[in-house]
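What follows is the residue order along each chain.
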Amino acid sequence: MMALGYAFLYLPIVSVIVYSFSGSDRATTWGGFSLQWYAALARNEQILEAAQRSLIIAAISATAAVALGTASGLALSRFGKFPGRGILSLMNSAPMVMPDVMLGLSSLLLFVGLQQLFGWPERGMTTITLAHITLTACYVTVVVRSRMTSMDASLEEAAMDLGAKPWRVFFVITLPLIAPALLAGWLLAFTLSLDDLVIASFASGPGSTTLPMLVYSKVKLGVTPEINALTTIIVVLVAIGVSVAGVLMHRRERKLARSES
Amino acid sequence: MLWLALFFCVPFLIVLKISFAQSVFGQVPPYTPLLETAENGATTLRLHAANYAALLADPLYVAAYLKSLLFAGVSTLCCLLLGYPIAYGIARAPRLWRLLLLVLVILPFWTSSLLRTYALIGLLRANGWLSQTLAGLGVLEPGQAVLHSNLAVYIGITYNYLPFMILPLAATLIRLDFTLLEAAADLGAKPWQAFRRVTLPLSFPGILAGSLLVFIPAVGEFVIPDVLGGPDALTIGRVLWTEFFTNRDWPLSAAIAVAMLLLIVLPTLLFEYIENRVDKGRRVAREAQS
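Residue numbers (UniProt numbering), protein chains in the order written: chain A, 1 to 261; chain B, 1 to 290.
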């Protein structure tokens, strides 16, 4: 039963990877081993440009989301009861469960309203990035918050007792301790932003097509084998990224465990 | 810190507020909705309920709504049935295996859901493995595809959201005290009985969390029904998308969004919030007792 479940999870991905090496023009018939679709992908400037745009947006929004998410994660787990805590907490879970179409629409309406009032922001990469920050910061908050609550607060208190100022405590004690969570949060935010089609479609303007938007239009037109190659590359990159992060985190935990004992 | 937290919170508040405001106030013919209509310098609030009336009057929207609920409900059930054994297996696995199995569940989640949906197309089309297997079993006629049918949407949503079900389930099952099961067995319970009377009730929080995580986004899902479903797989997410991008009717799509929020998201969020409160209250009470 379990094997069946895992097969269900991986069968589609594996079949795409297999067919990405197919020499046939059709996406689902096998035509001998070939790298032609990778070559075609490397020549396709439209895709490359969109991929570059997506990567930039993802990197910026992930970084900003980590900064904001850390702040609110810290506030939610360390400041005890403060006015608006319940609202902040609710606010945080809202974008995670809310359907994408709603988030996309509401952020677009905000941007249009802002543009009418202040003439900023121009719809395009900026608005996509802003919308993505809103979405991904919530996920980072959850990651940071769970790390903080499972962490012993006495280290921070000790530093405080020894006369360290709050900022110093944060940078010298808290930040290194939650670093693995920050890394995980960054990666999560990065992939979420890279993946998002719906919100980006709403928030984008002319000339700011992201990779998922391009893939979507291609998929709607019919299956193109190039997308097989693209999927394979992304899956491999993600697998590498996740394993590197996993190994790093594992090592850190071990080191911490050793230094504590 | 707190300041920053609020700073991040406010834009979202505005977004929420505007998603309400626009649809209630605005109904200006061109597709730029205005918050307030200015006439000779005087600002007046114009309340237009026409969008909401249209939502109720046109059976298309109600049907799309019900269809979304059906898709999401059935898929959530599929996720639960498929995910429970996996989560159970993960929870009972030895420590190192458990980690590996968990990573294997999360890994597909890290890749794009659009690309995973696309990956399904290959399996579901007429000459794909699944369609051919089903044709071989006599369920489908030869040459017929699963793609562009309701079944394809169920498969798509289940496939995409399965990790969201497995993770909270596994988390609760790992924490579950398995000596309780041994105790049940010692007291003469058969495995099935023990599962039904002990494991299942104790894993209920995980079931609930997983179901919410799958159900709510699935109701608003746009990509999966659009790519995998047929033209009749008209979900509320798809309707919103068409109203917005094809018909350019911004106020109406905003009204759809608000209706969606009021009907599913808000109740569940409130429910979760209240439950957290109750939980906290119980904990406080317990601490006070001891």
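Just so you know, these hints were derived from the structure itself, not from any lab.
A virtual CB, placed ideally from N, CA and C, is assigned to each residue, including glycine.
Take the hints with a grain of salt, since some may be wrong.
Said to hold, decoys possible - Here are the simulated distance ranges between beta carbons: (1) B:LYS190 with A:GLU253: 39 to 45 Å; (2) B:ARG95 with A:VAL14: 24 to 30 Å; (3) B:ARG277 with A:GLU253: 40 to 46 Å; (4) B:LEU104 with A:PHE171: 33 to 39 Å; (5) B:PRO191 with A:ALA39: 51 to 57 Å.
Claimed, not checked - Examples of chain A residues lying across from chain B (beta carbon under 10 Å, computed): (6) VAL14; (7) PHE33; (8) LEU35; (9) ILE47; (10) LEU48; (11) PRO99; (12) VAL101; (13) MET102; (14) GLU157; (15) ALA158; (16) MET160; (17) LEU162; (18) GLY163; (19) LEU194; (20) THR231.
Hints versus structure:
no.: 1; hint: B:LYS190 with A:GLU253: 39 to 45 Å; result: holds, 40 Å
no.: 2; hint: B:ARG95 with A:VAL14: 24 to 30 Å; result: holds, 27 Å
no.: 3; hint: B:ARG277 with A:GLU253: 40 to 46 Å; result: violated, 33 Å
no.: 4; hint: B:LEU104 with A:PHE171: 33 to 39 Å; result: holds, 36 Å
no.: 5; hint: B:PRO191 with A:ALA39: 51 to 57 Å; result: holds, 56 Å
no.: 6; hint: VAL14; result: holds, 9 Å
no.: 7; hint: PHE33; result: violated, 18 Å
no.: 8; hint: LEU35; result: violated, 19 Å
no.: 9; hint: ILE47; result: violated, 13 Å
no.: 10; hint: LEU48; result: violated, 17 Å
no.: 11; hint: PRO99; result: holds, 2 Å
no.: 12; hint: VAL101; result: holds, 5 Å
no.: 13; hint: MET102; result: holds, 5 Å
no.: 14; hint: GLU157; result: violated, 16 Å
no.: 15; hint: ALA158; result: violated, 19 Å
no.: 16; hint: MET160; result: violated, 14 Å
no.: 17; hint: LEU162; result: violated, 21 Å
no.: 18; hint: GLY163; result: violated, 20 Å
no.: 19; hint: LEU194; result: holds, 7 Å
no.: 20; hint: THR231; result: holds, 5 Å
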